[in-house]
Every structure is written in structure tokens, then in C-alpha cells.
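Kindly produce the complete structure, drawing on both the sequences and the hints.
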Amino acid sequence: DAKTTQPDSMESTEGETVHLPCSHATISGNEYIYWYRQVPLQGPEYVTHGLQQNTTNSMAFLAIASDRKSSTLILPHVSLRDAAVYHCILRNSGGSNAKLTFGKGTKLSVKS
Amino acid sequence: GGIITQTPKFLIGQEGQKLTLKCQQNFNHDTMYWYRQDSGKGLRLIYYSITENDLQKGDLSEGYDASREKKSSFSLTVTSAQKNEMAVFLCASSIWGKNTLYFGAGTRLSVL
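Chains as they are written, first to last, in my numbering: chain A, 1 to 112; chain B, 1001 to 1112.
For the record, the hints were derived by calculation from the structure and aren't laboratory data. Computed from a predicted model, the values in this text were never measured in an experiment. Where hints are given, some of them may not hold.
[To be verified] Under the rule of at most 30 Å between Cα atoms (straight-line distance), these lysine-lysine pairs were calculated in the BS3-like manner:
1) B:K1009 <-> A:K107
2) B:K1057 <-> B:K1071
3) B:K1098 <-> B:K1018
4) A:K104 <-> B:K1018
[To be verified] Residues from chain B that face chain A, not an exhaustive set, calculated with beta carbons under 10 Å:
5) G1002
6) I1004
7) Y1102
[Said to hold, decoys possible] Derived Cβ-Cβ restraints for the label pairs, each shown as a range:
8) A:P76 <-> B:G1063: 42 to 50 Å
9) A:S66 <-> B:K1018: 29 to 37 Å
10) A:G15 <-> B:T1051: 21 to 29 Å
11) A:D8 <-> B:I1012: 28 to 36 Å
12) A:L51 <-> B:E1015: 42 to 50 Å
13) B:S1067 <-> A:R81: 30 to 38 Å
14) B:D1059 <-> A:Q53: 30 to 38 Å
15) A:K69 <-> B:K1022: 38 to 46 Å
16) B:G1040 <-> A:S28: 38 to 46 Å
Even for Gly, the Cβ is constructed at its ideal location relative to N, Cα and C.
Structural data, given as C-alpha cells:
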């Protein structure tokens, strides 16, 4: 899996819309962009994923650059429950899907 | 929906001790994984299993054994606990060929 780069931390206030960036300049054509988040004392939780088109679900909106070299996870109207470490990772669509490389991620803090 | 259950939640061992961590999933997923997470670092793959009785080494398999006794369970053994070792061991599962992983809450290991 190719490498991703994320800021170590970001701060926000309840009710704001948060943009979490991820750089993946060496992404290959068959790699999906996945986002997971992790709160203390829990394992990572799936948030969303995409290949080329922007995607949206109940948790977040994923904006993918047209050249796919970067993406942004957008969290609308964050609450205290959204405070977590957010991991951006790349996964191949074919072959073995076993190896999954997580980096340190971005620690999102939310103030009331 | 399903759940992944890891036992025990907390494990305290002695240096040199053999320690076993257990993981059960009721998603009926084919593939199961063991990851290690150290404080301030990302996840590293220890072992994974594509199906019952299959075992594949990850990047961090030295010092560990694993066993996939049946489809729903995957055990990890620390063959000789290292003094002052502290880490979280995360179990995950997925459908083979699908890239979305579902994680357990983790087992927190401390070695005295």
C-alpha cells in the first residue's frame, strides 16, 4: 500500500465544519482511499472510502482531487463525539487485501 | 450487524511468559487479522488468516504465533513477553476481497 501524509493534529469547535487533509502523491490507479477513525480504548472504525468520485454518507463527505494525489475528509457540524484520530489509508482493489498500513493519523480535538 | 470480541481486555504478564489473546467475530467474515498498536504509532500487521486453518505472516510476526481454529475465531500468542512491553493488540475481520475492516476494542498488554 502506498504512503499517505496527514497533519499530526487539528483543533475545532463544536458546530464547525472540519476539513481533514490527506496527501497521497504516489497513489496508483487501482488504490482506493479509505478513512478510519479511532477513539481512546477502541479499535479503528470505518468512516468512508472512495476511488475517484467524491462520496458522502451519514458520517462524512470525502472530496478527492481530480488527479487523486490528495483527498479531504469533511466533517459537517462536528460534535464532541467526533474527537478522534483520523487515519487516511490506501488499499488495492484486487489481489490480497490483507496488509493494511496505518500511520499515526490526525488527532482531531473538539472544543465545546 | 456483527461484533468482534477480544479477550481479555487487559492483560498483565511477566517477562518471558507465554501469553494468549483471543478474538471472536460473528460477521461470518473469511479474513481475520492481528495488529499491534504502540503509543503514538500506527498499526502494524502481525498475522492474518484468509480462511480457517490458513496463516499468513505480516510485517511483525517474529515473537508471535497465531492459530485460526475455526472461521469465527483467531488467536494470537506472544511466545515470550518482553520486559516493560506495553502495546494494544487489535483484531479485525473482513470479507475476502473487500477492503473494509471491522475492528475489536483491543487487548491492552503490560509486561512487568
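Comparing the hints with the structure gives:
Restraint check for K1009 (chain B) and K107 (chain A): the C-alpha separation of about 24 Å stays at or below 30 Å, so the hint holds. A C-alpha spacing of about 18 Å is found between K1057 (chain B) and K1071 (chain B), which places the hinted pair at or below 30 Å, so the restraint holds. For the given pair, K1098 (chain B) sits about 34 Å from K1018 (chain B) by alpha-carbon distance, which is inconsistent with the 30 Å threshold. Restraint check: the Cα-Cα separation between K104 (chain A) and K1018 (chain B) comes to about 29 Å, which is no more than 30 Å; the hinted pair holds.
Annotation: G1002 (chain B) was flagged as interfacial toward chain A, and the flag is violated, the nearest CB pair being 13 Å apart, outside 10 Å. The criterion of a C-beta within 10 Å of any C-beta in chain A is met by I1004 (chain B), whose closest approach is roughly 8 Å, and the hint holds. A hinted interface residue such as Y1102 (chain B) counts as satisfied when its beta carbon comes closer than 10 Å to some beta carbon of chain A; here the least separation is about 7 Å, so the hint holds. Distance hint check: the CB atoms of P76 (chain A) and G1063 (chain B) are about 44 Å apart, consistent with the given range 42 to 50 Å.
Range check, S66 (chain A) to K1018 (chain B): about 53 Å between beta-carbon atoms, so the 29 to 37 Å window is missed. Distance hint check for G15 (chain A) and T1051 (chain B): the Cβ-Cβ separation is about 47 Å, which falls outside the suggested range of 21 to 29 Å. The given range of 28 to 36 Å is respected by D8 (chain A) and I1012 (chain B), whose C-beta atoms sit roughly 31 Å from each other. Restraint check, L51 (chain A) to E1015 (chain B): a C-beta distance of roughly 47 Å satisfies the suggested window 42 to 50 Å.
About 37 Å separates the C-beta atoms of S1067 (chain B) and R81 (chain A), a value consistent with the hinted range of 30 to 38 Å. Between D1059 (chain B) and Q53 (chain A) the beta carbon distance is about 32 Å. The supplied range of 30 to 38 Å therefore holds. Under the hint 38 to 46 Å, the C-beta atoms of K69 (chain A) and K1022 (chain B), about 41 Å apart, fit the expected range. Between G1040 (chain B) and S28 (chain A) the beta carbons are some 29 Å apart, a value that contradicts the proposed interval 38 to 46 Å.
The structure is inconsistent with the numbered hints 3, 5, 9, 10 and 16, although it conforms to all the rest.
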